[in-house]
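Colleague: Given next are the chains, with one letter for each unit.
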Amino acid sequence: MAQYIVRRIILMIPTLVGVSLLVTALLRLLPADAVDILVAGGEVQGGQAAFKELADQRLAADGKDPAKASLTDRARAENAVIDQELKKEGIDPAQAKDSQRQAAKNTVSLNAYKDAIRQRLGLDKNYIQQWASWAGDALRGDLGKSVLGGRDVSAELKRRIPVSMELGIVAMLVSIGIAVPFGVLSAVNQDGWMDYALRGFAIAMLAIPSFFMATIIIALAARWYSYSFPVRYLDLWANPAQNLQLVLVPAVILGVGLSGSLLRLTRAQMLEVLRQDYIRTARAKGLTSRRVISSHAMRNALIPVVTVIGLQVPVLVGGSLVLEAIFGIPGVAQYLFVSIANRDFPAIIGVNMVVAVMIVVVNLLVDVSYALLDPRVKFA
Amino acid sequence: MAAIDASQAQDFGWRVERPAPVRALRAISHFVRAKPMGAFGALMLILIVVVAVLSPWIARYSYDQVNLSAALTGPSSAHWFGTDQNGRDIYSRLVYGCQITAMVGLGTVVLVTVLALVVGVGSGYFGGKTDFVVQRLVDIWLSFPAIFLILTLVAVLTTTSGSGFFGLGRGPAVGPNPQDGPWFWYTFPRTTIVTLALGLVLAGGTSRVIRGAVLGVRANAYVEAAEVVGASHLRIILRHVLPNIMPIVIVMATLQLGTAILAEATISFLGVGITNFPTWGQMLSGRTRDLAENHLYMALFPGFAIFLAVFGFNMLGDALRDVLDPRLRRS
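Residue numbers (the numbering used here), protein chains in the order written: chain A, 1 to 380; chain L, 381 to 711.
Pulled out of the complex, with its shape left as it was, chain A reads as follows (with noise of 0.2 Å):
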């Protein structure tokens, strides 16, 4: 048994090496104009920046403390730039117009202001020094800083994550709380009206998108009752009352959602246990139907269970992805959703990165889990 365990979290890293490896490969799939859109919108905020940078380093080379440096020191320094991009371009530093001068300002200003850009993405480095550098980073702990605001990436994240267990639980109890025992009644019912009646249920769950449910309920929850969700988002226990409020809904409709897979599961099971010869058995020696069902077959049925509850933590996580965003929830779902939106790739890759962890992580506790609760699993 640890063995197996020991094996199985060796076989981890070379899974979680190949997928930052993947993760950071997304930003050599752009295309190389990419840098231009990642610029648009802060070009006058950071070019401003970047060229002060640059006086500042010329200064420096001058030798003069940045720091300190006067206004006329300054100015120099900031001519000196501009008079080299002149010449750059050909035009003579002495007769040039003023308008040529600005020109060149916002070029040279722009171009480095893009330069840093690549260098903050590493893409002024090969892919494995980039991949080197950014997994040597994130085994700190820094993921990075989000390209617009600058903000930290794990600091966001690490406020975000525990928004979206809150989530994912309270989904997850609703899912168990709905699939279990109406799986096991349709199964104990099989063929009656009510296993149909559940099937259907189960089997509509699985095909309504969750976008729909949510814009159905928002909009008769407004035409009925004159109820609008809150908008802003409090924390669980600064405002319990207000943050139910706001996650209640979204997690019933995920739970809901989830519920029909793992109702068509439980029932599948229990039909199988069912048919067992120790159930036979357990009925032959005269044991009540409710006990036969709930400590001989339930029992049984329910560990293949909990490992697709393990399994459903992926769909759980994307589904919460359009929920957070229609609820305007500040989930690590939302993040990611607002970072493509804005391009914003170091934050689109720590949230990959870390949901992904999270999912290997969870799938080896699944697995280790089945082992545990199920006798005859062997070990391979």
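You may find that some hints are simply not true.
[What the hints assert, rightly or not] Covered, in the sense of this in silico footprint (three residues per stretch, anywhere, with C-beta under 8 Å from a C-beta of chain A), are these stretches of chain L:
1) 525–532
2) 669–681
[Said to hold, decoys possible] Listed below are several chain A residues computed to face chain L (Cβ distance under 10 Å; list not exhaustive):
3) Leu22
4) Pro209
5) Leu220
6) Leu336
For the record, the hints were derived by calculation from the structure and aren't laboratory data. Beta carbons: idealized from backbone N, C-alpha and C, even for Gly.
We have chain A; now place chain L onto it with these hints.
Modeller: Quick look at chain L alone, frame taken from chain A:
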């Protein structure tokens, strides 16, 4: 010896071969009677494809015809499913949306099936170290929530200025009107990036199922026999392995159709993906959520379209699984 006619054959209890079309019809009618929900799914598939192919003629207005004086009117004889905030006809946009559903759905299924067959059969058939290495790569493939990866891929591939990612995902600005030429000429290029992303991401899971099936077939004595008589790998794969895993491949493809359509609707709803053409998911996004309070029909029609399509394909997949491979029933 004189030929035995059908009635004589029946007297002997022999099975009589009927002409192929008759047999096909009988098989279909048997399927419809045994699996009515599966037949409903097949009908949905045919309906979507037919409506997509004929969409320029079935639609009553152009997909982007703005008519502000008729904005936000409920279902009426002029606009069967009502109009949106720009006065565009919802029925016509749904009909045009079939093009995207059909193209992305079928395109993804083709891509997923091809990729999953290459990876799954290669890994399962050759086994050993190849299998180990390939399966670790599939582990990586499956370590992301599908929708995250799809969204990220689509975003990355559409982060372009000018020509696009190898010219994918754009398409001509005009069309599709009947007089412009065949509609798929205009629609197909717009769907390429989404189809590519969906296909690449969804193939991982299917490849694992196919690998499992190949491992099962590989263990059979007839594969060993073929090896002993010196059949090449290619011949064994084509003649012995592929025909035996076909039921699983068909079932997986049908189930993937529903998954692909749901995923496409989701990314369209989130405003990523195809933006220059109506899609069902997109019709639920944006201001629809606020407007639905007083104009519920705006959300109901596209929502039901997605639901019916995905529901139908899941039913079809389930029915095919029962018919084609009873062993898979309880998985």
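Colleague: Please go over all the hints and tell whether each is borne out by the structure.
Modeller: Taking the hints in turn, this is what the structure says about them:
Beta-carbon proximity to chain A at under 8 Å applies to 7 residues in the stretch 525–532 of chain L; the threshold of 3 is reached and the given coverage holds. Residue count for the stretch 669–681 of chain L with a Cβ under 8 Å from a Cβ of chain A: 7. That meets the three needed, and the coverage hint holds. A cut of 10 Å between beta carbons decides the hint on Leu22(A): the least distance to chain L is about 6 Å, and the hint holds. Taking 10 Å as the C-beta cut-off, the interface hint given for Pro209(A) holds, the closest approach to chain L being about 5 Å.
Taken as an interface hint, Leu220(A) checks out: its beta carbon lies about 8 Å from the nearest beta carbon of chain L, inside 10 Å. A distance limit of 10 Å between C-beta atoms decides the matter here; for Leu336(A) the minimum to chain L is near 6 Å, and the interface restraint holds.
Comparing the model with each earlier hint shows no violations; every hint is respected.
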